[in-house]
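For the protein sequence lines, the chains are C and W, in the order given. Under the numbering used here, the first residue of the first sequence carries the number 8, and numbering increases by one thereafter. Under the numbering used here, the first residue of the second sequence carries the number 2, and numbering increases by one thereafter.
Wrong hints could be hidden among the right ones.
To be verified - The following label-pair restraints were derived from C-beta to C-beta distances:
(1) Gly29/C <-> Val222/W: 15 to 25 Å
(2) Leu29/W <-> Arg141/C: 36 to 46 Å
(3) Phe286/W <-> Asp36/C: 32 to 42 Å
(4) Phe286/W <-> Thr69/C: 50 to 60 Å
(5) Leu19/W <-> Thr69/C: 24 to 34 Å
(6) Phe90/W <-> Thr122/C: 52 to 62 Å
(7) Ala106/C <-> Asp124/W: 18 to 28 Å
Claimed, not checked - Distance condition first, Cα-Cα at most 27 Å in a straight line; then the derived DSS-like pairs of lysine-lysine:
(8) Lys255/C <-> Lys120/W
(9) Lys120/W <-> Lys165/C
(10) Lys157/C <-> Lys123/C
(11) Lys255/C <-> Lys227/C
(12) Lys123/C <-> Lys120/W
(13) Lys255/C <-> Lys244/C
(14) Lys244/C <-> Lys227/C
(15) Lys86/C <-> Lys255/C
(16) Lys123/C <-> Lys86/C
Unchecked claim - Residues on chain C that point at chain W, a partial pick, calculated with CB under 10 Å:
(17) Phe39
(18) Met115
(19) Tyr169
Hints are computed from structural coordinates only; laboratory data are not their basis. Using N, Cα and C, we set each Cβ at its ideal position, and we do this for glycine too.
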Amino acid sequence: MSGDTGAAGELLVARDIGKRFGGVAALTDVSFSIRRGEIYGLIGPNGAGKTSLFNVLTGIYTKDSGTFVFDGSPLDDLKPNEVAERGIARTFQNIRLFANLSALENVMVGRHVRTKATVVGAIFRGPRTREEERAIRRRSIELLDYVGVKRRANDLAKHLAYGDQRRLEIARALATEPRLLALDEPAAGMNATETAGLRSLLESIRGDGTTILLIEHDMKLVMSVCDRVLVLDYGRKLAEGPAAEVQKNERVIAAYLGGDVSLNLKGA
Amino acid sequence: MHAFFDTRDRPALVWAGLTLVAAALIALPWVLAGIGTAWVRITNLAVLYCFLALGLNIVVGFAGLLDLGYIAFYGVGAYVYALLASPQFGIHLPFWVILPLGAFLACIFGMLLGAPTLKLRGDYLAIVTLGFGEIVRIFLNNLSTPFNLTNGPQGITLIDPFRLDGFSFAGTQHVFGQALTSPIKYYYFLVIVLLLVIVVNVRLQNSRIGRAWEAIREDEVAARAMGINTRNMKLLAYAMGASFGGIAGGMFSAMQGFISPESFVLVESIMVLSMVVLGGMGNVFGVVVGALMLSYIPEVLRYTVGPAQMAVFGRTLIDPEVFRMLLFGLALVLMMLFRPAGIVPSALRKRELEQVAADVG
């Protein structure tokens, strides 16, 4: 297997990633690696470059320097759709669902990249196309059930409750059969109960063999669910390691509070 | 009322309905011919507008790309037919060769328009497409020198009608003592093609391709992140939309026997866009209803405004032609005020969703 390079079985290796916007360095020499099957946290104060890193990884921005190696092969200068095809799916910090499509249709769009029907197939609707269409629908309903919004399958995405929209976005991403699922603040705006539900969802996704990269501000969630954590500050790597170690790191605490005040991040 | 239209478990009702519709469609031209042959011609033009509106609906309604130059593809199809079936070059190819050719060429033009506009949206896209439409019209107007391709503003005359194995769509035959006039013959051909086009549109919408278009319409960034090749899908939307326009153009040429650049002006593009918006963007049946309404209303007004004034005031107060367009404009405004999402209510959409509910269980 090309993927199982190195003893750790790294799924994604980032080396010296750099990205500038005019005079602002959004990312400077960021290196890290994500192991197969782990939940990898990405934290840092607002403006630290977390979402920029997501956008560079998923091809929405082109990076200025560095390389990503995904599953053993480089991920350079690919368009977002090509990145998705390679097996990285993402959600967005400010939810970006297809508002006027039903929840089910949103997930069905996610199947696009793993299905084949062409215009000709769609027009003539032969047995193969019909079978594929049935499979798309079946799988999408399964995924809605999996994330817990099946009962809202027929409602337009924009009419879903906030927490359900977050879950729907995860279902849509899962529909592309990712090997790496990148979630940008999935718990933002959720109450404690919803966050607890999200945690068990993340754990079951990981249990099904999908590696997760998680940007999150909810420290309680990060510390409880992440195997390892990368801390960014001003576009640079501040710390990387097991969650328990990172939360004791003085530089991390200082970055969050702007001074050497001690803080129990667990409770934040 | 809703339950009455719920035909899922009543196939007999579906067949009865279909038979009724088919009978109505077959009988319609004879009824209209009784009122006046002009109404058959008006109906034929209305069906052509349905093609155009359905084609534009793929671009605007499905993929969400505002296109103000759509009539250019109609023009391309019309001129392809005119040049290959008229004395202009002495070429007289059969229609079943030219129509696909016109569709293909319009398709190429669609991609020509699409390629440079891939990164544009909304207002900016509208301006570029508007320019494209004008460029095509100006070319048609001026390609008479140095080499006379289009015959300039005089247009092309004596265009061949459809002929099939000796049977001509022009002229009148008598069948069972009834006059089978040229417009009636074209009517049947157009209605059959229209039904095919509707089926194609509905199938496209409910497919992997249609969902990709709708995803682009809703959120292009998210669509790309979900693995949709937005460049190819947008080009495909332009190409599909344009090819419908091209086919319609070819049929227009054959029916009229004469075309000139004047038929492909900006107002026509706007008219077709209005049909799409008014009928209900993205809803195939809504778009057909919109096209039929906007085609018929001005014509109905043409025949009623004058007599109505005479009846009410005893004389003609306002020039009927002016008054007609005034009322037409008013009708547009009122329709959009009372049905901002289009004429066809979301009931159809709702029913689609209920169908899904049945599947989900």
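Verification of the hints:
Evaluation of the 15 to 25 Å hint for Gly29/C and Val222/W yields a pass: the beta carbon distance comes to about 21 Å. Evaluation of the 36 to 46 Å hint for Leu29/W and Arg141/C yields a pass: the beta carbon distance comes to about 38 Å. For the pair Phe286/W and Asp36/C, the supplied restraint of 32 to 42 Å is violated, since their beta-carbon distance comes to about 58 Å. Between Phe286/W and Thr69/C the beta carbons are some 43 Å apart, a value that contradicts the proposed interval 50 to 60 Å.
Between Leu19/W and Thr69/C the beta carbon distance is about 54 Å. The supplied range of 24 to 34 Å is therefore violated. For Phe90/W and Thr122/C, the Cβ-Cβ distance of about 46 Å falls outside the hinted range of 52 to 62 Å, so the restraint is violated. The beta-carbon spacing between Ala106/C and Asp124/W, approximately 21 Å, falls within the hinted interval of 18 to 28 Å. Between the alpha carbons of Lys255/C and Lys120/W the distance comes to roughly 47 Å, so the proposed pair goes past 27 Å and is violated.
Between Lys120/W and Lys165/C, the direct Cα distance comes to roughly 26 Å. Compliance with the 27 Å bound is thereby established for this hinted pair. With a CA separation close to 25 Å, the supplied pair Lys157/C and Lys123/C stays within the 27 Å bound. Using a Cα cut-off of 27 Å, the hinted pair Lys255/C and Lys227/C holds, with the two alpha carbons roughly 14 Å apart. A distance of roughly 25 Å separates the Cα atoms of Lys123/C and Lys120/W; the hinted pair therefore holds under the 27 Å criterion.
Proximity of Lys255/C to Lys244/C is assessed by CA-CA distance (about 16 Å); at most 27 Å being required, the pair is judged to hold. Pair hint Lys244/C plus Lys227/C holds up; C-alpha atoms about 21 Å apart against a cutoff of 27 Å. About 38 Å separates the Cα atoms of Lys86/C and Lys255/C, which puts this hinted pair outside 27 Å; it is violated. Of the pairs offered as hints, the one joining Lys123/C and Lys86/C holds, with about 19 Å between alpha carbons and a cut-off of 27 Å not exceeded.
Annotation: Phe39/C was flagged as interfacial toward chain W, and the flag is violated, the nearest CB pair being 21 Å apart, outside 10 Å. Against a cut-off of 10 Å between C-beta atoms, the interface hint on Met115/C holds, since the closest Cβ of chain W lies about 6 Å away. A hinted interface residue such as Tyr169/C counts as satisfied when its beta carbon comes closer than 10 Å to some beta carbon of chain W; here the least separation is about 17 Å, so the hint is violated.
Checked against the numbered hints given earlier, this structure breaks hints 3, 4, 5, 6, 8, 15, 17, 19; the rest are met.
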